[in-house]
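Starting from the known structure of chain L, fit chain P onto it as the hints suggest.
There are 2 protein chains.
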Amino acid sequence: MTIEDVKSHLICVHPLDNVAVAVNAGGLPKGTPLTEGFAVREFVPAAHKVALRDIPQGSSIVRYGQVIGYAAIDIAQGAWVHTEIMTLPAPPALDALPLATAVPPELPPITGMTFQGYRNADGSVGTKNLLGITTTVQCVAPTVEFAVRRIKAELLPRYPNVDDVLAITHPYGCGVAINAPGADVPIRTIRNLSLNPNFGGAPMAVSLGCEKLQPARLFPGSPSLPVLGDDGYVIRLQDAEHHSFGDMIAAIMRAAERRLEQLNRRQRTTCPASDLVVGLQCGGSDAFSGVTANPSLGYAADLLVRAGATVMFSEVTEVRDAIHLLTARAASVEVAEELIREMAWYDEYLDRGSADRSANPTPGNKRGGLSNIVEKALGSIAKSGSTAIRAVVRPGDRVINRGLVFAATPASDFICGTLQTAAGMNMHVFTTGEGTPYGLATVPVIKVSSQTQLAERWPDLIDLDAGRIATGEASIEDVGRELFQMILDVASGRRRTWADHWGLHNATALFNPGPVT
Amino acid sequence: MTIEDVKSHLICVHPLDNVAVAVNAGGLPKGTPLTEGFAVREFVPAAHKVALRDIPQGSSIVRYGQVIGYAAIDIAQGAWVHTEIMTLPAPPALDALPLATAVPPELPPITGMTFQGYRNADGSVGTKNLLGITTTVQCVAPTVEFAVRRIKAELLPRYPNVDDVLAITHPYGCGVAINAPGADVPIRTIRNLSLNPNFGGAPMAVSLGCEKLQPARLFPGSPSLPVLGDDGYVIRLQDAEHHSFGDMIAAIMRAAERRLEQLNRRQRTTCPASDLVVGLQCGGSDAFSGVTANPSLGYAADLLVRAGATVMFSEVTEVRDAIHLLTARAASVEVAEELIREMAWYDEYLDRGSADRSANPTPGNKRGGLSNIVEKALGSIAKSGSTAIRAVVRPGDRVINRGLVFAATPASDFICGTLQTAAGMNMHVFTTGEGTPYGLATVPVIKVSSQTQLAERWPDLIDLDAGRIATGEASIEDVGRELFQMILDVASGRRRTWADHWGLHNATALFNPGPVT
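Protein chains in written order, with numbering that gives the first Met the number 0: chain L, 0 to 516; chain P, 0 to 516.
Next up, chain L with everything else stripped away, as it sits in the complex (with noise of 0.2 angstroms):
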């Protein structure tokens, strides 16, 4: 058997791993020989590790180059090395870190990358053209969702150049302690995702009246924006002008029909490509996310940030383990304090209510391959490519750094996607290996896949196969640049993600870390 048959049976990322991971879909028989001259000693299935050398009971195991776990038994070369032969190292110490001791150098810039989007007054450029109205509290969502449903019919259809009406519902705004510490997350987040560059400088806002989260409170020093009444962009139900529910609904009409005049004559115009606010997550991972589509997701990454782009990383809870790689490549000392800060305040979070990263990972991971949480975190950074961290953005803050950036947010897709929403993001990238139907109202979602298999099973969601890697038909690179066409395609509205094309558009997701009362 020649090398080339061992490559297609399995794929080692560092010289330094003592395991690698069965690339083959339907997993390696109990046998299978292998080239450095010994057998598969058990049935390993597709994605999950085997161990190149024999592992006694308590020495490392590594993968990426990296410690991922200790053996609890003696492990023999060509065993299976899953979850429960393995023990959890202990998360990097936070107050013993690296510094921006390794920041990379800046890769060669790249110009002339264009894309067609929305130019708005601020400066930010939208990928869509949506009409977005804002919910102060769930009292008002049902009045909300009943107004759109009516705008969509009879509105929209005059407004050619607008995409589409939303309402932006959440559980949050009243039966919570607005005063308590972290109430701020969730009033900033839904803040900042109504000033999303995709709904153009134009909220728009109903209130009930009565509710904790008072508009004046939400939207603090716009001084720009009217507050009230006929010309405002706030509707408040309970005031004395309603004098029924058909009232509320023409109210709501009459401003939704100003915001779509002010957004219809809107065009996409050429812009940079460093007018791009890139998010990108992970979920549903498997052992081949951080061989295949992590790892292009962040050759692209790095292709966005030598144009200029925005790009962020986020989910606290899958970098905590790998932290130490993170702050070495702080582009400051004052960055990686900052992430230090986030992690901090989440290890404190988690504490609070009695629980710890060995929460994540989840059923899926593990059957995928993903032993726990730090060979889950390994490869979750894959996606952030190799350029320095510029900055840190608290979860429901705004980013206003070019190039590589944090994102503070927990892991659920949900959340974090909403948090990146919230943070501006323009561009929305997700990979997955086992499989999910995710979208966003807001933001196109390009979702990537792991393994072939999963593209080929699911022909109408996945966008684009990363899995080629692992078969060797394309390079990381291959797949990387692909991407980044396929984000100035998509961004300027030639190309239409599936999720976009069903219409598939997961729940706003507040993080809300306070009590409800």
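One or more hints might be untrue.
Because identical chains share one entry, a pair is satisfied inside a single copy or across any pair of copies.
Claimed, not checked - Straight line, CA to CA, 25 angstroms or less: simulated SDA-like cross-link-like pairs of lysine to any residue:
1) K365 - Q76
2) K151 - W501
3) K365 - D238
4) K365 - D346
5) K151 - D163
6) K365 - H242
7) K151 - W497
8) K365 - R216
9) K365 - D183
10) K151 - D499
Calculated directly from the structure, the hints in this document are not laboratory data.
Frame of chain L; chain P shown alone:
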């Protein structure tokens, strides 16, 4: 001026009270003469309080015969008594409460009251005939919503006895600390939501496959329910048999059609009123709520209990300050201790989040004349009527007792409504002073206004006006009896609520005391 004139100005609910509430719509102008021989010293807004006597600084302000606060300054007879000049009393200590010391005697039973409902195999009775499609995780929500749109358009017209098809969606299921303390609450809530009587014992669920909340965990020990496959009630999107998004939708539609066939065979039959499970709630309350809407709802609650029905009241933070009145009314020491256990749990939960009960009431409550949570609580418990409290239900659990039950939930309208639905509610009554277009998809919601002004302004949202009690047009008993009859009519499908007329359905809002990850 006569006593009758004064009655139209002020309502005083207890002989010990030293404040009374201004009744007339426009408020009381400065100088308005009152029967007690003094005049109003300053403008008092409608529903706000007037001092009936001088109240020296530091002494008690009494309403409902209970101390609602202390005078922060010397308050003169005829002055406006509001939040700013009151201090908040300490909440009743949980270790010194009267336990079952004032158990009300049983009221005479009412027999022969019936409604037309859908009897289920487990003995519960539906007031609607709905197909509910449960989601184990938010990942699948847009896919299920896509399928529901097609089911409503293509299948539902062939099953005329089925009222509607609902996707039961939520942000839980993954990205959460599923083994943290408190995680049982959202999990059992989703389970019991799926088993609400209005879904006819025909649960159906859509799972992704890799999520933390696996179907077997959501529905443990349901041997009567097949698990997976074409004849099962669970569709798992990641299963190898689905070769496209189209396949997934087709599989959901096939399972839905089997459920629709079962549900379509159901017919309304005559059921005793004792099969009603009525959830009570208030939201957007004002100072009238405690003298008009809530007491008349309390009267209806007594009628329901006398007819053998189950009546649930809830909202821990809104009864906490009146808990001494409830523990005394508990049917047994054990029930009183369960009340205390729930209060203690919530005290600790708020404390952990550095919040306290002053987070309630809302700005609208205060504008409506409710000075603090003590006054709000005293008005709130009026809706529980006067019977003994027979049982306490934990958040997310299903109620099994008849009679008056305290279902421990947050006060948030949506979370309370969701938890009462999970508890098995088949009718919901919601009182409001400020007004809210609240509604639920699963259970009919009767909305009762505390003021005639609101009922007149929102004639197409408010189902019953209890404001007539303040103006003397009707008694508490009159409105209570009217409401009892309306509950029977709506439960029978003879009468439709405004929320159902317009299709106003608030979101499923889970109570998740645990962290997200």
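Here is how each hint holds up against the structure:
In this homomeric assembly, K365 and Q76 come within 25 angstroms of each other (Cα to Cα) only inside a single copy, at 21 angstroms, whereas the closest approach across copies is 71 angstroms. Within a single copy, K151 and W501 get their C-alpha atoms as close as 17 angstroms, and across copies as close as 17 angstroms, so both meet the 25 angstroms cut-off. Only between protomers do K365 and D238 lie at most 25 angstroms apart by alpha-carbon distance; the minimum there is 16 angstroms, versus 53 angstroms within a single protomer. In this homomeric assembly, K365 and D346 come within 25 angstroms of each other (Cα to Cα) only inside a single copy, at 23 angstroms, whereas the closest approach across copies is 38 angstroms.
With identical chains, the CA atoms of K151 and D163 are at most 25 angstroms apart both within one copy (8 angstroms) and between copies (22 angstroms). Taking CA atoms no more than 25 angstroms apart as the test, K365 paired with H242 passes between copies only; the shortest distance there is 23 angstroms, against 57 angstroms inside one copy. In this homomeric assembly, K151 and W497 come within 25 angstroms of each other (Cα to Cα) both inside a single copy, at 21 angstroms, and across copies, at 23 angstroms. Taking CA atoms no more than 25 angstroms apart as the test, K365 paired with R216 passes between copies only; the shortest distance there is 17 angstroms, against 43 angstroms inside one copy.
With identical chains, the CA atoms of K365 and D183 are at most 25 angstroms apart between copies only, with a shortest distance of 22 angstroms across copies and 35 angstroms within one. Taking the shortest Cα distances, K151 and D499 sit within 25 angstroms of each other both inside one copy (17 angstroms) and across copies (21 angstroms).
The structure agrees with every numbered hint stated previously.
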